[in-house]
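Here the protein sequences line up with chains A and B, keeping their order. So the first sequence is numbered by the working numbering: it starts at -6 and just counts up by one. So the second sequence is numbered by the working numbering: it starts at -6 and just counts up by one.
What the hints contain is simulated information worked out from the structure, not anything from laboratory work. Don't take each hint at face value.
Since the list can't tell identical chains apart, any single copy or any two copies may satisfy a pair.
Taking lysine-lysine and the DSSO-like style, the derived pairs with C-alpha atoms no more than 30 Å apart in a straight line are [said to hold, decoys possible]: (1) K268 - K34; (2) K44 - K267; (3) K370 - K173; (4) K34 - K246; (5) K246 - K227; (6) K103 - K389; (7) K389 - K279; (8) K389 - K44; (9) K49 - K167; (10) K389 - K49.
2 protein chains.
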Amino acid sequence: MDRILSSSLSEHIGKDVTIEGWLHKKRLLGGLTFINLRDRKGLVQIVIQDKKEIEKLRGLQTGTVLHVEGQVVKESRAPGGIEIHDPSLTIMVPVLAESPIEIDKPLNHKPENLDTLFDNRVIGLRNLQEQKIFRIRAGLTRLLREFLDAHDFVEMQTPKLVAGAAEGGAEVFKLDYFGKEATLAQSPQLYKQIMVGVFERVFEIAPAYRAELSATTRHVTEVTMLDIEMGFVKGIEDVLDMVQDMTYYALTKCYEQYADELKSWNAPKLVLKKKFPRYTIAQIHKLYTENTGQTITTTKDLTPDEEKWICEYAKERDGCEAVFATEFPLEAHKFYQMINPDNRQTVLAGDLLFRGVELATCPIREHHYDVLIQQIKDKGIDPNDPGFSHFLLAFKHGLPPHGGCGYGIDRLVEKTIGLNNIKEAILFPRDINRLTP
Amino acid sequence: MDRILSSSLSEHIGKDVTIEGWLHKKRLLGGLTFINLRDRKGLVQIVIQDKKEIEKLRGLQTGTVLHVEGQVVKESRAPGGIEIHDPSLTIMVPVLAESPIEIDKPLNHKPENLDTLFDNRVIGLRNLQEQKIFRIRAGLTRLLREFLDAHDFVEMQTPKLVAGAAEGGAEVFKLDYFGKEATLAQSPQLYKQIMVGVFERVFEIAPAYRAELSATTRHVTEVTMLDIEMGFVKGIEDVLDMVQDMTYYALTKCYEQYADELKSWNAPKLVLKKKFPRYTIAQIHKLYTENTGQTITTTKDLTPDEEKWICEYAKERDGCEAVFATEFPLEAHKFYQMINPDNRQTVLAGDLLFRGVELATCPIREHHYDVLIQQIKDKGIDPNDPGFSHFLLAFKHGLPPHGGCGYGIDRLVEKTIGLNNIKEAILFPRDINRLTP
Chain A
-6 MDRILSSSLS EHIGKDVTIE GWLHKKRLLG GLTFINLRDR KGLVQIVIQD KKEIEKLRGL
54 QTGTVLHVEG QVVKESRAPG GIEIHDPSLT IMVPVLAESP IEIDKPLNHK PENLDTLFDN
114 RVIGLRNLQE QKIFRIRAGL TRLLREFLDA HDFVEMQTPK LVAGAAEGGA EVFKLDYFGK
174 EATLAQSPQL YKQIMVGVFE RVFEIAPAYR AELSATTRHV TEVTMLDIEM GFVKGIEDVL
234 DMVQDMTYYA LTKCYEQYAD ELKSWNAPKL VLKKKFPRYT IAQIHKLYTE NTGQTITTTK
294 DLTPDEEKWI CEYAKERDGC EAVFATEFPL EAHKFYQMIN PDNRQTVLAG DLLFRGVELA
354 TCPIREHHYD VLIQQIKDKG IDPNDPGFSH FLLAFKHGLP PHGGCGYGID RLVEKTIGLN
414 NIKEAILFPR DINRLTP
Chain B
-6 MDRILSSSLS EHIGKDVTIE GWLHKKRLLG GLTFINLRDR KGLVQIVIQD KKEIEKLRGL
54 QTGTVLHVEG QVVKESRAPG GIEIHDPSLT IMVPVLAESP IEIDKPLNHK PENLDTLFDN
114 RVIGLRNLQE QKIFRIRAGL TRLLREFLDA HDFVEMQTPK LVAGAAEGGA EVFKLDYFGK
174 EATLAQSPQL YKQIMVGVFE RVFEIAPAYR AELSATTRHV TEVTMLDIEM GFVKGIEDVL
234 DMVQDMTYYA LTKCYEQYAD ELKSWNAPKL VLKKKFPRYT IAQIHKLYTE NTGQTITTTK
294 DLTPDEEKWI CEYAKERDGC EAVFATEFPL EAHKFYQMIN PDNRQTVLAG DLLFRGVELA
354 TCPIREHHYD VLIQQIKDKG IDPNDPGFSH FLLAFKHGLP PHGGCGYGID RLVEKTIGLN
414 NIKEAILFPR DINRLTP
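Here chain A stands alone, though its shape is the one from the complex:
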């Protein structure tokens, strides 16, 4: 008999079926044995009365792989309203070792327990609640791609093994590449700008590497980034609009398609408008000071406190918990970003903030060859560095006004669900202290 999945059993009431899965839980109750069997669709309860069948499970632990033939019975008290009665069990893979972690109830995600959580990841992920994080994650990446496909963005794969750390700044991982030095790409920044000259609109979802020395709730060494870049923009508003529409699409669809998963995590209710409010950094500083009484030096970037505060403020005042902070101070300027021609103390960039954190920085790039070279020099970098030659070539041969963003997938998942540490949103996270599992 073909295997029936737990989600389809209600179509087979009264019939004999075959199900297969893992022993997820076992309890004894008045001479009966109740087991929960887990398959990829969820759990099904099996009631075993026959002593011979009960005996087969003696000494077997969670994780034991079972083949079960039995009758589907409607039972409102059972999870899913279905039970299997009179089962005949075949032990496909016996498990004798006790589970290193209890997977039948939600796992402990308290900060002090996260190391235990990740040490036991291989088994802990079998917890249904834990799985939901990664079903939502798969859903969000699918929805982001759907939106981008529908808006003429071409998906690409750019190299992660690169020559030199052309972006400069942050720490990079270096490796020996047949006698040359290679680095692991911190982002596809230069490649995606080059590709604007090819497809106008490109995107990539891929790992990016930061040799971060910090051990915080926000730092990992391997992140998954969605990078998008679009040409022929009339101004930063075009970029912000695209990022806004994409975020609105992915989040609202995610809340529809993963309602149960989000609910089981007590994810916050989604408070979103189609148009995300936009405040300049200067406005946010002013509003923050007026509302909290705390003074912030007005030329600087937002503090983490302000990022949290403005999201709360926009949620209450504008009915939207995603907000753009615009007109970044010059201190945050990177060589490839365009300085605001109307106010040369600011950069044409906007941060997408959501639930208190930055999800993406969305700058307009400097697309004028001569200005770009000058900006590289101004940062004390040599534009003749071989790591730049191909990048600069794209500008020498014509790139239109363009902009884009690097969008943190891990952070999006973390904040959508309401987790507190980026690592909780990553299957097998990597940080300064963790290279396994």
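Place chain B on chain A using the hints.
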């Protein structure tokens, strides 16, 4: 006026429109200047009569970014049947440097010219013919994901920074990870098997790294792999069927959706049946010898010649140019694969061959904890190596029969289009001699 894309101009015949793009080609003809403007949808021909407008283009080269306002006119002799007349030009970004590579006609893909092709990749990709490779590539990855989503496979991201080279064998890239040694993952093999215990069915499209010392048409150091893994399989036929159905879906849809792109590359006609023929390695050796007169030692793996030959044979005889070669000889056995219990000289693995090359190896894994440990020892590897501990834990706590494959995306693109070198299918290829652009 909002910008109209070249593909939508036919909806605006007789009207004034704004178009933007790159100067792709310029010719003078009887006092008129004809230019082709390239945008993300293709080319549009612009006829310039006004001397003042013609003058604006003096000295400007391919790549110059233009904003053009003009009238849409039907003209059957123009590409796309549309022309722009009486244009008013604005030079958005002037390009004075001559293009390092002629992008108006198909680029030279002859083996001796490939280095030039890749050295000039940044500009060469602006060639419309060249772009098609990467549009087809984006399409194939989208179609593969579509199929896998529809068959309950959960997309995941596993780490590429790993401790040790647990798979052993091939060369790996090593790097310093905060004083520890890390390697770049050669494949997500161990992680995807672990994840069978979580979701039953998982997949990942991600880079994989091989420190390949060989410089051939088949070797690159950074490949894009589709890895899939599925649990509760009844036998290798389940895995082969899934890989077959996925390949059939992606290729037939690709040939529908990218008919023009494939035609412009003279891609071979697709000769595929829903059920791919399956031959054992022994059968192929025998058939090859019978048909070609050349003898092959019958216990060994297929030679490259045989791989080519069997695809041709299956195409003619079975009407299908995708074929599975099954029952691999024990020499090819990896520790995590299952030895055929019915013939312990063979491994439960099947290669998917397409147009003469192997696209994927699809083995059944050894899922019995004790047997797996023995197989690791038999390969001279220490099962207590820390790189294995988490992998083995998944088996200790129950993994069902499972199998899957690593499917080379670069090769699939190469062979679908009919290219001759894997690097032609990669935006910015990496090999022993190439780390740029």
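Evaluated hints:
Taking the shortest Cα distances, K268 and K34 sit within 30 Å of each other only across copies (28 Å), while inside one copy they are farther apart (36 Å). In the homo-oligomer, the alpha carbons of K44 and K267 never lie at most 30 Å apart, since the shortest distance is 61 Å inside one protomer and 47 Å across protomers. When the C-alpha separation of K370 and K173 is checked against a cutoff of 30 Å, the pair qualifies only within one copy, where the shortest distance is 25 Å, while the shortest distance between copies is 36 Å. Proximity of K34 to K246 under the C-alpha cut-off of 30 Å is found in both arrangements, the shortest distances being 21 Å within a copy and 28 Å between copies.
For the identical chains of this complex, K246 and K227 are intra-copy neighbours only, at 29 Å inside a copy versus 36 Å across copies, given an alpha-carbon limit of 30 Å. In this assembly of identical chains, K103 and K389 lie within 30 Å of each other by CA distance solely across copies; the values are 27 Å between and 52 Å within a copy. For the homomeric pair K389 and K279, neither the shortest alpha-carbon distance inside one copy (41 Å) nor that between copies (59 Å) is at most 30 Å. Taking the closest pair of Cα atoms, K389 and K44 come within 30 Å of each other only across two copies (27 Å); inside a single copy the shortest separation is 81 Å, beyond that limit.
For the identical chains of this complex, K49 and K167 are neighbours neither inside a copy (54 Å) nor across copies (48 Å), given an alpha-carbon limit of 30 Å. Proximity of K389 to K49 under the C-alpha cut-off of 30 Å is restricted to the inter-copy arrangement: shortest distance 19 Å between copies versus 74 Å within a copy.
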